[in-house]
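These protein sequence lines map, in sequence, to chains A and B.
Per this note's numbering, numbering of the first sequence is gapless, rising by one per residue and ending at 279.
Per this note's numbering, numbering of the second sequence is gapless, rising by one per residue and ending at 559.
These aren't lab readings, by the way, just hints derived from the structure by calculation.
Here the structure is a predicted model, which means the values were calculated and not measured.
In this text, a Cβ means the ideal position worked out from N, Cα and C, and glycines have one as well.
Heads up, some of the hints might be wrong.
Straight-line C-alpha distance at most 30 Å; calculated DSSO-like pairs for lysine-lysine [stated by the list, open to error]: (1) 239/A - 516/B; (2) 278/A - 511/B; (3) 278/A - 538/B; (4) 538/B - 236/A; (5) 412/B - 278/A; (6) 426/B - 236/A; (7) 278/A - 543/B; (8) 503/B - 137/A; (9) 129/A - 503/B; (10) 277/A - 468/B; (11) 516/B - 59/A; (12) 224/A - 85/A; (13) 535/B - 254/A; (14) 538/B - 254/A; (15) 122/A - 304/B; (16) 277/A - 511/B; (17) 277/A - 538/B; (18) 239/A - 503/B; (19) 277/A - 542/B; (20) 221/A - 426/B; (21) 277/A - 304/B; (22) 278/A - 516/B; (23) 336/B - 137/A; (24) 535/B - 278/A; (25) 305/B - 129/A; (26) 305/B - 123/A; (27) 559/B - 254/A; (28) 266/A - 543/B; (29) 559/B - 256/A.
If you only want the chain A side, here are some residues facing chain B, beta carbon under 10 Å, derived [said to hold, decoys possible]: (30) 1; (31) 5; (32) 42; (33) 64; (34) 134; (35) 137; (36) 138; (37) 148; (38) 169; (39) 177; (40) 257.
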Amino acid sequence: MPIFEVKNIKYTYDKYENSLKYALNDISFNIEKKDFVALIGKSGSGKSTLISHLNGLYKADSGDILYSGNSIYSKDYDLNSLRFKVGIVFQYPDYQLFSETVIDDVAFGAIKKGMSKDEAYKKSLEVLKFLNIEYLKDESPFNLSGGEKRKVAFAGVFVMEPEVLIFDEPDAGLDTMSKINFYNFIKSLNNDYGTTVIYITHNLDDVVEYANKVIVMSDGKLIKMGKPYEVLSDEKVMKEADLELPYSISICNKVKSMGYDIDNTKLTFSDLLDSLKKL
Amino acid sequence: MGNIDVKNLIVEFDIFNADNEVVSKKRVIDDISFSVNEGDFVCIIGKNGSGKSTLAKCLNGLIIPTGGDVLIYGMNTKNEEQLIDIRKNIGMAFQNPDNQIVASIVEEDVAFGMENLGFSPEEMDKRIDESLKILGIQELRFAQTSKISGGQKQKVSLAGILCMKSKILVLDEPTSMIDKNGRLDLLNKVYELNKKEKITVILISHYIEEISFADRVIVMNQGKIILDDTPKNVVLKDELLNNAGIELPYITRMAKELKSFGKKLNGNEFSVEELCQFLK
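Only chain A is shown next, with the shape it has when bound in the complex:
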C-alpha cells in the first residue's frame, strides 16, 4: 500500500473571486514507503502549496488524500497525529523558530508529541549532536546565521521521528558542504530507517544523485512523474515546465552533438565521469 495516495486534488487561493485560477489543478499521484521524491518546477508552479496539503495544513477544495490507506479528510481522522508522522521543514526557518534557546526550540515538538520533559531534552541534545550543532544549544535561535537556523528548524522536526520528512528547498541558504552533509544524512535515514522523503528543489543535478522519483509541476498541474533520468531527459516536459536542464543532461547533449555516443540514463556525477573518461 502506498504511504500517500493523492487523488484528483484541486485547490485555489481565490475561493471568493470568480477567476478560479487553480494553484493545484487535478493532481494525482502515489508515493510508496521509502521513496525519495524530488518535486521540481518553476517558482509559482504550486510545489509549496502541494506539500502543505500532505499533512493537512491546507485542505483541498476537492479530491482526496490517503495516508497509509486512510483518508485524511474523513471526519474522525486524527490530523494531529498525522502532523507528528509527516514533518515539514519550510522554506523560511524564521517561521518555525520561536523559543529563547535552540534546545527549547528543538524540544518543543517532542514535548507536544507526549514525551516527558527530561526525555525530550535528552533526545533533542542527541539530535543536535547528530547534526553537529550541539554548540548552538544555548544560543537564541534569532542570533544564528540563515544556514544555522535551517539546521535548528530541521532538528525540531526530526526530533519527533516522523515517518515522512518533507522539505521545501532544504538547500536554499546552505553552503555546499552543509548541503552535501545534509543530503547524505537524509539519504542514510531513507536507507537505514526507511524514512520517506519528499523535497522541493531547484538543483536538478542533485536530484540525479539522491532521488528515486521525480515529480514535475507546471502551472498547478503535475506534468510528469518518473525516474530521474526519464524525467530530466524528456525535453518536451522540461520545456513545458520551463526548466533549465541539469549539467549532466547538457553535457550528454553536447557530447552527442559532437558526434559521440553516451549513455544518458547514467546521470550521477561518478557515472557521467566514467562515461566521459571512455570518450
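Using the hints provided, position chain B relative to the given structure of chain A.
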C-alpha cells in the same frame, strides 16, 4: 579611492543570556580590508556563518563596525548624518524577501522607496514599469504580495531596489528561492545593468556557479578574506576552498577529474562548451 573602501573592519556581536546580560562576544568579521571600484562585479562567497551577510549589512550602515571603517564614496557609515546619502547610493536585496516586502500590492511595494523620497507619480509609474520589465514580471504589477511565490517575491523586492537607481547594488543571495532558469535570468539582468549602466555589483552567494558572472571573487572563511582573485584563478585553489567548506562548481569538478585522468583540460572550466573542448 574606490567606490567602496573597507579598512580593517571588525564586527563583534554581543551574546546575551536569558536575563539579557552580555555574557560574551562573538567576532564575526575579523580585520578585513578591500576596495571595490566603480563598475566592478564582485562575488563574495563563503560557507554559512563565514560573515558574508554581516559584511553586506556593514556596507549600508545597518551594522556599524566594532573596529575599522567602511567608506562609501568617501562617506563613513559611522557618520550618522551621512547614512541617508549612503543608503541612496547602495541598494540592498536580502535573502528572505518577506523581510522587505511591506505593501499588499506589488506596485505599491515596488514604489515604497521612491514614495519616501518624494518622487512624482509619473516618474514612479515609469520606473515601476521599467524595473518590472527588466525582471520580466510585468504581469504581477497588480498582484497581491501575499499570494505570490517565494521566487516571485524575490524579484519584486529586487524591482523596488532597481527603481532607486542606486550606483551600487548589494545582493545577498538574491536567488536562493528561484529555479535555475530564473536564477540565470536574474543574474543576466544584473550583469547587463553592471556592464551597460556601470552599476557596481556585490553579489553574495554560495551558489559557486554564480562566480562566473563576476570579474572578481572574494572568498571568506571565519570572518577573514582568504582569497581575492578572478573566478578562473579562484577555482584553481582547491585546497583553500575545501578548507573553507566550499565545493567547486559542477563543471569545474568534472573538468578537474578529467584533467587528472589525462584529458586535455585546464581544470578551471565553467561552461559545458569549455568542458567538451577535450573531445576536439
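Hints, one by one, checked against the model:
no.	hint	in the structure
1	239/A - 516/B	violated, 37 Å
2	278/A - 511/B	holds, 27 Å
3	278/A - 538/B	holds, 13 Å
4	538/B - 236/A	violated, 34 Å
5	412/B - 278/A	violated, 46 Å
6	426/B - 236/A	holds, 29 Å
7	278/A - 543/B	holds, 14 Å
8	503/B - 137/A	holds, 25 Å
9	129/A - 503/B	holds, 27 Å
10	277/A - 468/B	violated, 36 Å
11	516/B - 59/A	violated, 51 Å
12	224/A - 85/A	holds, 27 Å
13	535/B - 254/A	holds, 18 Å
14	538/B - 254/A	holds, 18 Å
15	122/A - 304/B	holds, 28 Å
16	277/A - 511/B	holds, 23 Å
17	277/A - 538/B	holds, 10 Å
18	239/A - 503/B	violated, 43 Å
19	277/A - 542/B	holds, 8 Å
20	221/A - 426/B	holds, 18 Å
21	277/A - 304/B	violated, 51 Å
22	278/A - 516/B	holds, 27 Å
23	336/B - 137/A	holds, 26 Å
24	535/B - 278/A	holds, 16 Å
25	305/B - 129/A	holds, 21 Å
26	305/B - 123/A	holds, 28 Å
27	559/B - 254/A	holds, 12 Å
28	266/A - 543/B	holds, 23 Å
29	559/B - 256/A	holds, 13 Å
30	1	violated, 33 Å
31	5	violated, 26 Å
32	42	holds, 5 Å
33	64	violated, 25 Å
34	134	violated, 15 Å
35	137	violated, 13 Å
36	138	holds, 8 Å
37	148	holds, 6 Å
38	169	holds, 7 Å
39	177	holds, 4 Å
40	257	holds, 9 Å
Of the numbered hints stated above, those contradicted by the structure are hints 1, 4, 5, 10, 11, 18, 21, 30, 31, 33, 34, 35, listed in ascending order.
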